[in-house]
Structure formats: C-alpha cells, structure tokens
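Undergrad: The residues making up each chain are set out below.
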Amino acid sequence: MTRRGYEGVAVAVPVTVPYVRYSTRGAHWFIGQALKRLLDASGLAKEQIDGLTISCFSLAPDTAVGVTQHLGLSPRWLDHIPNGGASGVMALRRAARAVQAGDADVVACIAADTNHVDSFRLMLGGFSDFSRDATYPYGSGGPNALFAFITAAYMARSGATRADFGRVCVDQRANALAAGSRVFSKPLTLDEYLAARPIAEPIHLFDCVMPCAGAEAFLVMSEQRARDLGLPFAALRASIERHNAFSSDPMMVRGGWHVDRDDLYAMAGCGPADIGFVQTYDDYPVIVLMQFEGLGFCRADEAPAFVRGRSTAWNGDFPHNTSGGQLSAGQAGCAGGFLGLTEALRQITGAAGERTVKNPRLGLVSGYGMVTYDRCLCTGAVILGEPA
Amino acid sequence: MTMPLMRPKRKNPVQRTRQMNVPPWARGRVALSLTAAAAEGRFELQLCRDCGRVQYPPREACGHCTSPRLQWRAQSGAGELLALTTLHHSNDLFFRERLPWRLGLVQLDAGPTVVTHLHGDVTAAPARVSVGARLDRAGRAVLIAFPPEETPHMADDPMLREMSCDPRMRKLLVTDGMTAVGQAAVRALVKAGADLVWVGHAEPWKRHGSGLDDIASLPQVTLVPLDLSNERSVTELAGEIGGKVDIVINNAEVHRGFGIGARRGTDAARAEMEINYFGALRLAQAFGPALKGRAADGVLNATAWVNVLSIYALANFPPHGTFSASKAAAHSLAQCLRAEMQPAGIRVVNVFPGPIDDDWNQNLPPPKLAPEALAKAIVQALRDGVEDVYPGDVAQEWLERWRDDPRVLQRELAAGG
Amino acid sequence: MNPMTTPNAQLLTQLAAALQGGGIEVVDLTQTLSPEFPQIALPPEMGQCWPFRIEEISHYDERGPGWYWNNFSCGEHTGTHFDAPAHWISGRHLPHGTVDTLPVQRLVAPACVIDCHQQAAADPDYLLSVADIEAFEAAHGRIAPGSWLLMRTDWSKRTDPEAYQNFDETGQHTPGPSSEAVQFLVEQRDVLGFGSEAIGTDAGQGFHLRPPYPCHYYMHGAGRWGLQCLSNLDRLPPTGSLLITPPLKIEKGSGSPLRVLALIAK
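Protein chains in written order, with this note's numbering: chain A, 1 to 388; chain B, 1001 to 1417; chain C, 2001 to 2266.
Keep in mind the hints are simulated off the structure, nothing from the lab.
Here a beta-carbon is modelled for each residue, glycine too, at the ideal position from N, C-alpha and C.
Incorrect hints may have been included.
Stated by the list, open to error - Covered by chain A, per the in silico footprint, the following chain B stretches (three or more residues, Cβ under 8 Å):
(1) 1078-1086
(2) 1114-1122
(3) 1135-1147
As the list claims (entries may be wrong) - When the alpha-carbon atoms are kept at most 20 Å apart in a straight line, the in silico EDC-like pairs for lysine to aspartate or glutamate are as follows:
(4) K1368/B <-> D1393/B
(5) K2157/C <-> E1203/B
(6) K1376/B <-> D1393/B
(7) K1206/B <-> D2168/C
Unchecked claim - The calculated label-pair distances, taken between Cβ atoms and stated as ranges, are:
(8) A156/A <-> P1289/B: 21 to 27 Å
(9) P1225/B <-> G126/A: 47 to 53 Å
(10) L2042/C <-> K1244/B: 33 to 39 Å
(11) L2248/C <-> W1025/B: 53 to 59 Å
(12) E1236/B <-> Q2119/C: 32 to 38 Å
(13) A2122/C <-> G1211/B: 27 to 33 Å
Looking at chain A on its own, in the form it has when it is part of the complex (with noise of 0.2 Å):
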C-alpha cells in the first residue's frame, strides 16, 4: 500500500523562545511563552487552536493534558510526544494527518523545557527502565559514554577525525552566531575545539550539547486556511518515521534512515541532490556524520571525505544545521527536537533574510532521539519545500 502524501498541509508561523543557560521558572511558562509568540505572529485568538502537541521532559507531574487546562485551552485533539530529538517529525507527521482527516483545524505544536541547575542530574537518574538498571549505574550521567563508544567505532571504522567533526562544530558555530544566537558569543576555531577538555574519550568539551531552557513551536493547518490568514508557510512534501530501528546490531552503526530513506525521498518526488539545506539532530557530531551517511548524501562510512570536500556553513556549498544546531544554538530539552524545524521554515518562508541560504526552496530536516539504553531508538525525516 502506497503511502498517503501531504497535499494541502501548511507548516507555518515557526517561534522561539529565546534560551538561557538556567531558568527558575517552569516548563510551563516556556509552553505559555510559545503559544503565545504564535497567536501575536499568527494572530489567531487561543480559542481557534483545537489541536495541540506537547514535547516536554520537565512537565512531571503534569503532562500535555495538564497544559490544556494550565494554559485554558480546549482542543478536540491532542498528543503528548516527549520524545527528545525526534519530537519535531513526529509531531508534524501527527498533526499533518489531523489536519488532513479534519480532526483539528489548526494544530499548535509545542516543544519546550525548563534548565534548573540540577535539572539535567535529577533526568537522567529516571530517563527509561534501561538507562536506570544498565547504563546510569555506570558513572557517565547521560550519553556521553554511549556516544563515545560510537564514535570511537566510527573513527575505526571510517577513517573519521577529530578535525572532520571539528569542522562541523566550526561551522555551526558560524551559523549560531550569523543566526543571533546568545548561548555563544564568539566564533570557534578548530584549535579551540581540537584542544578542549576531554569528556569521554574520544568526545570532548565542543562534541556535547549545552542544555538550556527555551521553546520552539509552529502551527499546522490547511493550505487554505494559511493562506486566508495570511500566513507564509511551507508544504509538507515528505515523511518518516522508525523505531527501535536495527536493534540487532550490537552496537549503533548505523541510524534507522537508511531503513525508510528511499520511501522520504519517493514521495517527495527528489532525490538527495535536490535538497538545498539539511538540519540534522545534533546531539553529537558523529550522529551529524551518521545522518548524512543515513539520508543518502554519501555511503555509509563516507561522511569523513564528504564533510572534508564541503563547508557545512549556512553560506557554503552544503548548508547543514544553518542557525547553529543544538552544539552551537544550545539543546533546551526537547526543542532540540525543533530547533531544526523552525528554522527549516524561516529558511523555506523567507525569514531568515540576509542568513537565506543559496537554494532555500527545499529544505531537509532530520530527527533522532531517546537513548534509552546503548542508543536512539527513534529516527525520522521530513522533507519541507515551497509552496506549489
């Protein structure tokens, strides 16, 4: 059976809240923050979003529903999706679908977290039944062990530098500080990020995220509707979505796109070379490498030669990550999950004025999430372009 496209689905209005490094407010008041950066951009009033989605870590004890009645909403349809780096395409992928059924006019989709100082410790202790009885008893305190063990392997495995995911991370810095991002303040250079402190070897200070507080959202609602607002707003074009993908590989060497890659770009119409901008999920840079291995930009194993030949800035031949990705934008929770998405939109709409890439029509963007023991188990893509 042949999949259902996105014909009439608009992806609009992307926000941010902006991020600081630690926060004494709640999870809540970055939600409120989003929803109501989207109805002053929109300017719908709260009654007309009936569907919502919430991507959250640090809603305990509430969860989405909790938000409906915190915020006074009333939606018809609503989804809780606290899946970390792939909860941007998995939100867009349930609320497209909603919209499309016309079980909800216009969806708000939501990602936000709160950073206290002890947030990250007090996570990681209760992330998953896997992570609390195999992997947390062992000293790391998150992933950076299971990231290390992965790219230790691909460095063997591929040929994989130090300086091929250094020049990554210098990059995006680029784009991060092009982008007015104030997590960072100034450019990084490839000494600097050779020459940083070791984390778990062989990842150091500038392969890890830095977790924030802040949001990213957008609305998902017909075409039509966009265009009676008066929104600008990107299509949907393409779809997917695994988990748990590979599980018998003894260990991550490669990510679930590569199960499901060929159906993305065949119901997108394009192939790899189409594409003018990619936003990965950039929890670390060997997961960069690894998506452009997995979404069919090189083989699998190539990346290293592939990011040496291209500069990955947002004005360069391969535009990847162009407002700075989580290593460079800061990772505020499951708005990481976002981070890609949003801008992905503003690229597509033409928002990102003078940062525009060269060839913003056709935009990829990458999820990948909740290492729920040794790795991500979900993966997924969607393609977004200009409107028809």
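Chain A is already provided as a structure; the job is to place chains B and C on it using the hints.
TA: Just chains B and C now, with coordinates in the frame of chain A:
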C-alpha cells in the same frame, strides 16, 4: 598492567574525612535479580525458555519472541569488547570523585550488548574479555569486563577494589578469638595480608586451653576485651578502636544443643539470644557509625561487616532449636543492618555455614565444616565482594532444598533430616 | 518507765551518737556491682549464673529528658552475695532456709576474722585448717556462738578479674576452708556462717574435697549462711566487729547480692 597496591602515607589528622557518596542505586524489580545473583558471586542473565535468547537489560518479556517465560541462568561472560572510553566528567558524585573512570561496551558471546566497567588490564578495543557481575558500593550488581586470563595483582585494580573488601593491608576486628572458628579466621586473615587484627575475648579467666594465647603471639594480633553481653564493653572498645576498624567480623556466638523439651527453663536459650542476637545489635550500634564514616577514607577505607550466622537461620534444626531461632533472629537483624549500611557503601556479608566441626556439634554426623574451611570462605567472600555465603556441602544442600520449597524442608527437618 | 530511757534504748541512742560522732565506724565490705566483676563459672553444660549487666533506660536524653535510670540484671549469686541454706541440696528441707524467711534478728551479728593472707599469697589453694582456728583462739579467745567466721585472704585486692578467678587447665585455684575446719566451726563453735573474699565460700578446688564443696555442704546443711566476694576484711579487728548482712527479700530466693557493712569501734 595493574600496579600492586601501595601502602598509603599516614593520614593528615586535621583534614576532613571524605564521606561516601554511593553510585546510583535505583534498579527495577526485575533487574534486582541480577543483584541477587551477584550477591552470591554469580553472573546471571535471563534466558527465554521458548526461543533461547539471552536478554539484557533485564525485562518482563522476551525481546525476540515476547514470551514471558524468562529464567535467570548463569553466564560465562565471554565476549568481545567493541569500544571503550575514559570518562573525564560525571554528574554522579561517586564517579565525579573518582575520575577518570573507564567504561566499555561489550557484546557477549551469548548475544546481548552490555555496558561495563573496565578492569585496568583491558586496554584497547577490539579485544576478547570476560564479563563478570560484582556488587558496587551501592550494593547493586554492575558488570565488569576483565581480561580473559588472570593478570598480576589483578585484585589491586582501583576500580575492582571499590567492588571488593580485600582484607589485605586492612585492620579488622574478630569479635571472639576464644573459639576454633575465631582462631582460624584470625590466621586466615593474617595470611591474607591483614595489617592488624583486633581479637575480642570475653571471660578471660576461661582462656586456658582455648588456643587464644597461640594466636596472641602473632605479630598482627592485638587481644582486646570484648563481651557482647556487656553494653559498656562494646561501647568502650568501639570508642577506642572503632575509628580504625576497616572490617568487622562478628563470629561471637553461644551454641547449645537444645530444642524446647530437652532443657527446662530459658537460660540456655537466653544465653544464645543474648550473644547471637542482642550482642550483634550492640555491636552494630557501637561500631556501625564509625565504619560508615570511613567508608570512603582512602584506599584502605572501611569496607565490610561480616556476620557468621548459620544455615539453621533459614530453617530451624529442631535438635538445636533454640540456637536456630537465635540465628534466625540474627539473620533478620543482619538484613536490617544491610539496609542501614547500604547508603554508606559498607558491604554486609552474611555467612551461613552448616554445622562446624566443633564441641557443640560433636554428636552430629559428618559432613561438618572445618573451622579452617569457614575461615577461608570468609576471606574469599571479602575478596570477591559477595554478600551471601553458604560454605560447605551441608549449607549448599540445605540452601537448595530451602529454595526449592521451604515448607518441604521444614517437614524433613522435623522428621530428622 | 519511759521507753526512751531503758538501758537498751540508751544503747541505741549511744550507738547513734557514736555513728554520727565517728566513734563507731561503718566499713563497707562490698565489691561494686559492675559488668566487669567476674561471676562463678560452672562447666558449660550446666546452667550459669548471670553476670551483672546494666543498660540505661535514659540519661537526660530523648529517651527520658529529665532523668537518668537503668535496668540491670544479674543472678542471686552475683558479686558480693549471701547464700541461704536452701541454696544447697543439704539444706533444701530446712525451715527458714530462703532469703525471705530468714530470721532477721540474726542479720546483725558479730564477726571473727582469721588472717590467712600470707598463706594465701604463698598458696592460692590454701585451706583454712582446724589448727588455724585453734591458733586464732589462743590469741583472741574462743569464737562466740552465733558469730560469722570470716577468712581474710586479701583476695579482694586481686582487681584483675583473671587473677581473681585464677583458673588454669585444672580449674580454679582460690583459698577456702578445709572439710574438717567447716565441720569444727558448725559442730564445735555453732557459727552463724562463713564469709570469704573469693568467689565462693569453698576453695576453688573444693570439688575435689570430701565431701565436695564441704563449706556449702555442712554450713547450709546445718541451716548456716555464707558470704562471698567480701572486701576490706583487712580493716576489721580479729574480733569485736558487727556485721550487717540483709539480703534482698526475694520470694523463695536462694541468695542475693547485698551490701555487707561492718561496725567497728575506733
């Protein structure tokens, strides 16, 4: 290459003593079975009885065929180290205080991929390794990748020393040196490299012919008065030496051979309870705090508390019925002690021997456990960092029968064995 | 006649005055009850006498903020203690043989003290002999009926419990009376009882005398009493002191720890 343990310099007495922050101790219910097996020195994983797949992390249904029929089975631990890393950062206090710390990712020959601590002699990936389960300082099982063959000074690896309670270079208290078991334990500990063994003895006027003076002549041995029925004796000794004791071995006991009808009055049973149960309580109240306070005090930190119980603690042996009851009470209290010691990272080791080859078991037929064998089992348990020890054939057999069905064992013992 | 002015009433008044004024001294012959004080050790198959043990109930703390008190436990024969006739099989059927039924009139009684401390220092198994008694009487006069006979050995100065018990592989070695001496004291001198500084009224090797434990056997068999673990006997004159020896009034008790006091004239 593991460096042999170096004797540390004397401690600077005006500096604060580092306290214990235990590693993460939360585990789900199913995962605790891994800990229960490691407490007895075994590495076990779940095996699906329907499809044969080995499972990890522990779970409620087979990850391959969804069958709920999962059974814990001993594992060889043979595997391939896929990758390793050295942590230079941790949010967890235990690891943060002990950085850098090495971890590995191993694919077991049995199938699953596991995260492990690394023995220092596992240096590069890929490599063959042998994975074992040990209890960490939180008293929970963790997996460790060892080199496949034994290497020199293997036990002195700093990571492994956090998992074990090696008596070497340490100072111990053996609470009763008047008995054969106590004297054998003292000799075994001295042989295992203990620096100092304080040996308790009560009623010193009874020492002639007891063997106490033979061990008193060992250079590592210091005799100390200790009567577990006397609260003041216990608290005074704790005040004098408690701050230096690294391992407490409570072997003091009163053992008589009576059930209910064979001896009128409660005085024999009281004497057993007074030492076996209340004595253990007094000892734990007096020595516990100092032991906990030194749980992270350098490489020769306080590390363990050993209770010499009896296999009769599990199921009453009617000919020694009141003794059995006192050991059952002591066992229950030992579980309480383990819970109270857990946050401090002190290992409580419970030893359940069958009948010892001594005076009070004279009328029992063999097999009986030689005091030297019990002593050896205690030293090995400390080296391996295990918690529950059942030394000797009788203990092993009774344990199997008890686990199979304690109600059946009760009736067998009532009928004479 | 005014009861306050009878000769005996005046005796009491004078005694009170002498006690207050210092002419009559009260000497404490009692060892302190403490957990360190040794108790009699029987073969392990037998029932044992409890040692003295004491534990706080509270000490001005969370267990009782305004007060200090203890619970203690011990046997009837722990520490400085009194043996009643019912304690021994030879006295089991005698009337007034338990501590609650003793004639209290006799709980204040004269004492004779025979000094064997040099002999005991030379020989821990020293047995007080009839000859020793005769030599004592030659110097100090005949032992009066109803007197305590106390054997001074200075054994109470052995403050190390091991030395006090004085065990070796053949058992305990402490001084006591010979079988003949006990029989003489009971039959020829009608003593009230026998008192020792050691842990028993009988010698440590008393099991090997004939009959075994002759002091217990003959004394209690004749309704007489025993005192053990006495101290300060070296402060008493050979004759003339008065002993005060009331045991606890335990129902059917065979003995009890007690405070033994002696009145001596200065």
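Undergrad: Hint by hint, note whether the structure agrees.
TA: Quick rundown of the hints versus the structure:
Counting residues of the segment 1078-1086 of chain B whose CB falls under 8 Å from any CB of chain A gives 5; the rule of at least 3 is met. Under the rule that three or more residues need a Cβ within less than 8 Å of chain A, the assignment of the segment 1114-1122 of chain B holds, with 4 such residues. Residues of the segment 1135-1147 of chain B lying with their CB closer than 8 Å to a CB of chain A number 4, which satisfies the three-residue condition for coverage. Restraint check for K1368/B and D1393/B: the C-alpha separation of about 8 Å stays at or below 20 Å, so the hint holds.
A hinted pair counts as satisfied when its Cα atoms are at most 20 Å apart, and K2157/C with E1203/B qualifies at roughly 19 Å. Distance check on the hinted pair: K1376/B and D1393/B sit about 15 Å apart at the alpha-carbon level, within 20 Å; holds. Between K1206/B and D2168/C, the direct Cα distance comes to roughly 8 Å. Compliance with the 20 Å bound is thereby established for this hinted pair. Against the hinted window of 21 to 27 Å, the Cβ-Cβ separation of A156/A and P1289/B comes to about 50 Å, which falls outside the hint.
The supplied range of 47 to 53 Å is met by P1225/B and G126/A, whose beta-carbon atoms lie about 50 Å from each other. Between L2042/C and K1244/B the CB atoms are about 37 Å apart, so this pair conforms to the stated range of 33 to 39 Å. At about 54 Å, the beta-carbon gap between L2248/C and W1025/B stays in the expected band of 53 to 59 Å. The supplied range of 32 to 38 Å is met by E1236/B and Q2119/C, whose beta-carbon atoms lie about 37 Å from each other.
Range check, A2122/C to G1211/B: about 31 Å between beta-carbon atoms, so the 27 to 33 Å window is met.
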